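Q: Could you put together the complete structure from these sequences and hints?
If you read the sequence shown in this note's numbering, its first letter stands for residue 34, the second for the next number, and so on.
No wet-lab data here; the hints were simulated from the structure. Source: prediction; values computed, not measured. Hints may be right or wrong, so weigh each one.
As the list claims (entries may be wrong) - Restraint ranges, calculated between C-beta atoms of paired labels, are given here:
hint, residue 1, residue 2, range
1, E38, L104, 46 to 54 Å
2, V47, A108, 37 to 45 Å
3, L160, V45, 17 to 25 Å
4, R52, A97, 41 to 49 Å
5, R74, F164, 22 to 30 Å
6, V45, Y69, 18 to 26 Å
To be verified - With a cut-off of at most 25 Å between alpha-carbon atoms, the simulated SDA-like pairs for lysine to any residue come out as follows:
hint, residue 1, residue 2
7, K122, P135
8, K122, D155
9, K122, R41
10, K122, G157
11, K122, A64
12, K122, R74
13, K122, G153
14, K122, E38
15, K122, S148
16, K122, G72
17, K122, G66
18, K122, W82
19, K122, A170
20, K122, G86
21, K122, M91
22, K122, L160
23, K122, Q43
24, K122, A169
25, K122, E156
26, K122, S172
27, K122, Y134
28, K122, I62
29, K122, A165
30, K122, G70
Every residue gets a Cβ at the ideal spot worked out from N, C-alpha and C, and that includes glycine.
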Amino acid sequence: RPVVEEGRWQGVAVASAGRETIVHGDAFILATGGLYGGGLRSDDRGRVWEPIGDLLVMAESDRATWFRPDLLDPAGHPVHTFGLRVDDKLRPLAQSGQAAYPNLFTAGHQLGGISALVAGCDEGLDLASAFAAVRAALSDD
Numbered sequence: 034r035p036v037v038e039e040g041r042w043q044g045v046a047v048a049s050a051g052r053e054t055i056v057h058g059d060a061f062i063l064a065t066g067g068l069y070g071g072g073l074r075s076d077d078r079g080r081v082w083e084p085i086g087d088l089l090v091m092a093e094s095d096r097a098t099w100f101r102p103d104l105l106d107p108a109g110h111p112v113h114t115f116g117l118r119v120d121d122k123l124r125p126l127a128q129s130g131q132a133a134y135p136n137l138f139t140a141g142h143q144l145g146g147i148s149a150l151v152a153g154c155d156e157g158l159d160l161a162s163a164f165a166a167v168r169a170a171l172s173d174d
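A: Printed below as a string of structure tokens:
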């Protein structure tokens with residue numbers, strides 16, 4: 034879970050050896066995956082959410098539209114584009130539409146709006162977005 038103080042992530046609390054340990058940092062990159070990786074969750078009513086920071090998720094609420102009739106449709110399935118909405122620095126947005134935290138970034142399959150599967154760039158998306166997130170986290174702005 035995040036340790037948030039004064040609107041910024043100050044650390045991440047993780048369970049270790051039966052107790053909680055806090056790992057502190059100046060910036061954090063959330064790369065926990067999409068729906069299939071567990072970084073996003075969904076329920077039987079079509080609700081999709083991000084379980085750690087209540088971040089804004091780009092997803093269709095009507096489950097009937099998540100998949101196309103043809104399993105191998107070359108256009109892919111809408112569900113593969115579900116993910117976090119981000120700003121131009123790959124900072125996840127809060128429900129308000131603003132960056133949720135100035136020092137939180139995201140990368141990989143958590144990004145919304147692109148189907149890496151259809152684009153044929155699965156690992157490419159992961160690597161390129163991780164590189165961009167690190168650059169943004171290290172920038173002075």
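Q: Each hint: holds or not?
A: Structure-based check of all given hints:
1. E38 <-> L104: 46 to 54 Å: holds (47 Å)
2. V47 <-> A108: 37 to 45 Å: Given range 37 to 45 Å: holds, Cβ gap about 39 Å.
3. L160 <-> V45: 17 to 25 Å: holds (22 Å)
4. R52 <-> A97: 41 to 49 Å: Holds, at about 45 Å.
5. R74 <-> F164: 22 to 30 Å: Holds, since R74 and F164 (Cβ atoms, about 27 Å apart) stay within the stated range.
6. V45 <-> Y69: 18 to 26 Å: Cβ of V45 to Cβ of Y69: about 23 Å, so the range 18 to 26 Å holds.
7. K122 <-> P135: Answer holds: K122 to P135 is near 10 Å, not above 25 Å.
8. K122 <-> D155: Distance ~21 Å between K122 and D155 Cα, so the pair holds.
9. K122 <-> R41: Holds, because 16 Å separates the two Cα atoms, which is no more than 25 Å.
10. K122 <-> G157: Satisfied, since the Cα-Cα distance of roughly 18 Å is no more than 25 Å.
11. K122 <-> A64: holds (15 Å)
12. K122 <-> R74: holds (24 Å)
13. K122 <-> G153: The given pair, whose Cα atoms are some 24 Å apart, holds under the 25 Å limit.
14. K122 <-> E38: The hint holds at about 21 Å.
15. K122 <-> S148: Holds, at roughly 20 Å.
16. K122 <-> G72: holds (20 Å)
17. K122 <-> G66: holds (18 Å)
18. K122 <-> W82: holds (21 Å)
19. K122 <-> A170: holds (8 Å)
20. K122 <-> G86: holds (18 Å)
21. K122 <-> M91: holds (17 Å)
22. K122 <-> L160: holds (15 Å)
23. K122 <-> Q43: holds (19 Å)
24. K122 <-> A169: The hint holds at about 6 Å.
25. K122 <-> E156: holds (20 Å)
26. K122 <-> S172: holds (10 Å)
27. K122 <-> Y134: holds (12 Å)
28. K122 <-> I62: OK: K122 and I62 at ~12 Å, within 25 Å.
29. K122 <-> A165: holds (8 Å)
30. K122 <-> G70: Given pair K122, G70 holds - Cα atoms ~23 Å apart, limit 25 Å.
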